[in-house]
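**Q** Protein chains in written order, with this note's numbering: chain A, 1 to 203; chain B, 1001 to 1772; chain C, 2001 to 2308.
Treat each hint with caution, since some may be false.
To be verified - Just the calculated beta-carbon pair ranges, DEER-fashion: (1) A:Glu165 / C:Lys2221: 28 to 36 angstroms; (2) C:Thr2123 / A:Ala201: 31 to 39 angstroms; (3) C:Ile2300 / A:Glu144: 24 to 32 angstroms.
No lab work stands behind these hints: they were computed from the structure. In this text, a Cβ means the ideal position worked out from N, Cα and C, and glycines have one as well.
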Amino acid sequence: MKNSKSNNTYEIKIEDSPLSLAEDIINDIKFSKEKGLLKCVQCGMCTSTCPAAQHSNYNPRDMIERVLEGDKTILEDDDIWNCFYCYTCHSICPVGNSACEINQILKQISISEGKADEKLKPFLGFADSYYSMAIGAIPSNFFEEISEDVPGWWDFRMKLEDIREELGLGTISPPQEVVDEVSTLLDKCGFKKCIDKIREADE
Amino acid sequence: MSDNKSDLKIGVFICKCGGNISETIDLEALKASLNVEVIEEFENLCSLNGRKIIRDGILNKNLDRVVIAACSPISHEKTFQDYVQPLNAYYMDMANIREQCSWVHDDNEKATAKAINIVNASIEKVKEAHAVDPIIIHASDKVAVIGGGISGMNAALSLAKQGNKVTLIEQSPSIGGHMAKIGKVFSPVKIAEECGMCLLNPILNEVVWNDNIEIITNAKVISSEKRSGTFNLVIEKSPRYVNPERCISCGKCAEACSKEVPNSWNDNLSMRKAIYKPFSQAYPEAYVVDMENCDKCGDCLRACPMRAIKLKGEKEKFPISVGSVIIATGHKLFDPNLRPEYGYDRYEDVITQSELGRIMGVNGPTKGKLEKLSNGEVPKRVVMIQCVGSRDEKPEGHLYCSRVCCMVALKNANIIKHKYPNTDVVICYTDIRTPGMFEKYYKHGQANGIRFIRGRPGEIVKKGDNLVVRTENTLKRQFEEIEADMVVLSTAMEPSEGTKEIAKIMDVGTTEDSFIKEAHPKIKPIATDVKGTFVCGTAHDPKDITESIMQATAAASKVSEFVHNGIDIEPFIAEIIEEKCTVCGDCINFCKYKAMTMEDNQMVIDPMTCSGCGNCMTVCKQQAITINGNIDDKITATIDGMLEGKKDDERRILVFLDQIGYTAADNIGVNRLKYPESIHIIKVHSINRVRPSHMQHALENSADGIFIGEYPGDLMYDEVENKIERLRNRLERRGINRERIMFAKVYIPYFTGLANKLIAFDKEIAELEDKE
Amino acid sequence: MKQIPDKDIIIFKSCLITVEYPGIESSTKYVFDKLGIEYKILEDQTCCTGLGHYSDVFDQFTTSVLGARNFSLAKKYNQKHFVMMCATCYAINKKVANILNNKSEVREDINEIFKESNLEHLTYEKGDIDSTKNLFHVVDILYKKKDELSKHIKYDLSDFKIATHHGCHYCKVHYDDTIGGYRNPQILDELVEACGCETIGFYDFKRTTCGSGFRQRYANKDLSMDVTKDKLQSLKEDNVDILVHLCPNCHVQFDRYQNYIDDDCKTIHLNIAQFIAIAMGADFNKVIGAKAHTVPIESILTDLKEVE
């Protein structure tokens, strides 16, 4: 795509194929709405119900328009990171599109192109906890802030094992052989490689 | 010309159908596979140039038989029967390679292979054809018009003026329909709103005074049986409890009545009594008792000076016979509570356009004054929301555009602006659709100061005293909260309950949205798929008053054609060989269609009633009955043609369908659904004509499965089902798996169901083959 | 209406419930036991990846691999149904089932990974788990048993002002399968009513997200809290005592951060299973898990009166 801005004019060249970005999205493993994306009429109902649009510059309708124009700058647009994944737009879209799913796919494309390392870094702890405990616990880098914001939370977490015991519940993490098994699977499916790449880029 | 089958000169004419066929089927391969006298292809065979090509072929090459490989015979059989003149109409057969091939298959190679089979079947079939002439029969000039709204009234009036006898059947206590309550109507050309009732009333009066029209109110059609081109309808009339002959509409009864109930004619915005007159111009001009709400106190009885009231009464059923039927059963409006985010149920000042119409109507609950229902004040800002339930694929919504709502909103907004220039009116829209002259009315509205915000609102909530509409203003790329003190929802038009009911009763096809479906969306927009039944108005699809009237008068004209030109009947029906017939009468009771009668010591067959099923032939000891057209041999030849050249690793399933099943199968193609290429459909006049010997022949000559589809309403249904069960038992003894024969119900409207059944049967047969 | 089971059930453990509100799990077990619902809880089930997935760390493929592994437990333990306590587990698992059943290339790729890992017993066959017939949320099961709830109710909670918060990932992701509507969700209101109480019904922002937004709560805290504040403000105007939840993530957002946003908010937060368990007379420490709550449950729920 070689769309360029000159003299404030967005040029659509004859050799551009504006729908190629939309096609990539439609073929993504996550997308469940088949032709819904192509049927968008820009009615704005997604934005009309969007919590992020009410409180930030995120605009799902505009995001879809840019996708349909093949405007790849959307991949580097910081606003798309404001989506709450609440799926309200997905549930009411009159033409059967899902801005929410498309938002997630755009981010995955952005990540795979190495454009979103900064966005992922704070959350890599989810990967670590899956490797160590096979659950997705809140990453420890947030603990300090949570402890400040939520009085009593740290004390509670310290007593978690006792409270669970009183409630008659089992261990937090599955047995080690299960943890090993899912670690193998995470390695094999390319997950580890992705995470390592982000970490390496950081160093 | 030669009568020896192998010497017959056959021409195959292939239609590309503007790419509809040629883009899927490789016509060169198809042509290469054929061994006939003449092979021609053309862009549009149904055109007059196509006729020339066909005629030239026939005349120059002395063709004996013709195969047209094109669309479905249901679309164009009549056309091509005409084009093959001077050949006999039945020396032509249509190979349906569009609806049942190119439109249902994606794989070009497989579709081409199947098209070859279909054409081969037609070639073999025409070789066995006999020359027969069509039979023409005239329909009765009596017509039933179902529904007494603006469409039904206009259709009835037009028919009556052409001399036909019309029965106008209306479910509610008065004719008039939605238009009576609409308040103002507008014309885009005049750019002015006019009084709807003033336009309706003359039509209503004309209908009432026309001697050729009988109006039956409080009544509905509860069953229909078609015989001999005649519809025998049973009408159920609910009691009115007031004798219209005596009632003088003085209103003393309603004054005396103490039972108040919401007035549905005012969209429940006002109250009426349990004895009431729907609206002042209602016809019949008489009061009526709403028995569901009447407590039978007798006050009205005592107040009536004319002794017109009787609180006892039973529903009355009576039959009528008519030659044709016009369905004008209309629409209802989308229930706004199905979009609860708009708070219709929660907030009094969220209303529908229909309710706004009543509020603005001088004969409405506020006598035409625009008032908020919550406090009676004139609203400062009215926000209208378009497409509520329309253009919405989510559950209970409709994919279609309801077509009139933009104009309705503009009309009501203009009326508000005329009367209350200080009230701000905002229309939230996705697209304003004002085609043709309506665009002028849109401009007129803008000039009046109506404001437009492009965006589909997400919700309406109450903040303090006011409502707040949350929407994106898409042109400003801005989330907005619009304060309003009245919100009006433009709700979708959807088929009325009466429309859905009558479709079942008359067995006419419906669209996926449950509107009555026309026989063809382009060229037969008024006829339904049941001969002699027509549709008009909003029972057909969303439309406005003008279009409803146009379609109503067109329907009347179509009925006239039907009455005056008669009906072509396919001549493949039973015939008595008088020399052999002993007039024993055995066939009379044996015929399920009751087509046989004895008149003047002779057996007579009613050609309109006979289905050509051939059942009578099996009971006639004298063998004095034959069926025209050499049907048995034609079916065998078609089977052989379909199975020609079948490879070992290939699966071919023969599907036998009569007119109803075949129409359903065509609908699969029309709607571009898919089924496997193994499915080969053969059209027969009556399923009963497919004999056990035919099926056995097919299975023993490499057919992998046989699918028989029959409409359960067909009088021969049980007979056919039993016959197939016996055949399955017999085949099993001969080592053929009984599961290779499938018997299934088919209905015209449920083409999706038929497609699924075909897919499932193909899968079953494939699994069966794997096992064997 | 979808067919809802009352046996052959695996209760699907939730990571957030495990470490933040373990009382939701014990309350669910308590209520299921009272209602005679047969279930198992498995120690070899792993987390659905939801938190990581919606923070964009776990992509759909990785999530589907781990989902398929969890689904294989149905065969291993001969239990057909999974019942989720967390809305996000519910949405994620249903999505994975749809992908595994409908996208054959993905299914084959995943089975290939199982093969390469010498874990062929995990192989997923099309249709093993049906998104509609085998995957449920606890509220679905409770809804089926709605009419039996009243028999077990010990305490009358009808004096409290109760509102409901329906998790987005229960209502809106697979909206065709949502019981009680998704445009104006009602299932929690109906369950509360089945316990002999009324809810305030509709309030502004009723169907709006809790505001956690997964990454937003941590990486975009102001935005996250702004959205939560809209809802809290609306609840405060209605003087709501109890907000009933169906998702532990919403629960974290409201219970942990309510007083961070507004010191003056007194609303307590209960999962529907906790709410019903309390009404049935369960012990605050041994079943409800009151100690995990930031807004103390006991601040509102004192001196409960028994039903007459």
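**Q** A range of 28 to 36 angstroms was offered for this pair. Does it hold for the Cβ distance of Glu165 (chain A) and Lys2221 (chain C)?
**A** Holds, since Glu165 (chain A) and Lys2221 (chain C) (Cβ atoms, about 33 angstroms apart) stay within the stated range.
**Q** So does Thr2123 (chain C) sit 31 to 39 angstroms from Ala201 (chain A), Cβ to Cβ?
**A** 35 angstroms, holds
**Q** So does Ile2300 (chain C) sit 24 to 32 angstroms from Glu144 (chain A), Cβ to Cβ?
**A** 31 angstroms, holds
The earlier numbered hints are all upheld by this structure, with none contradicted.
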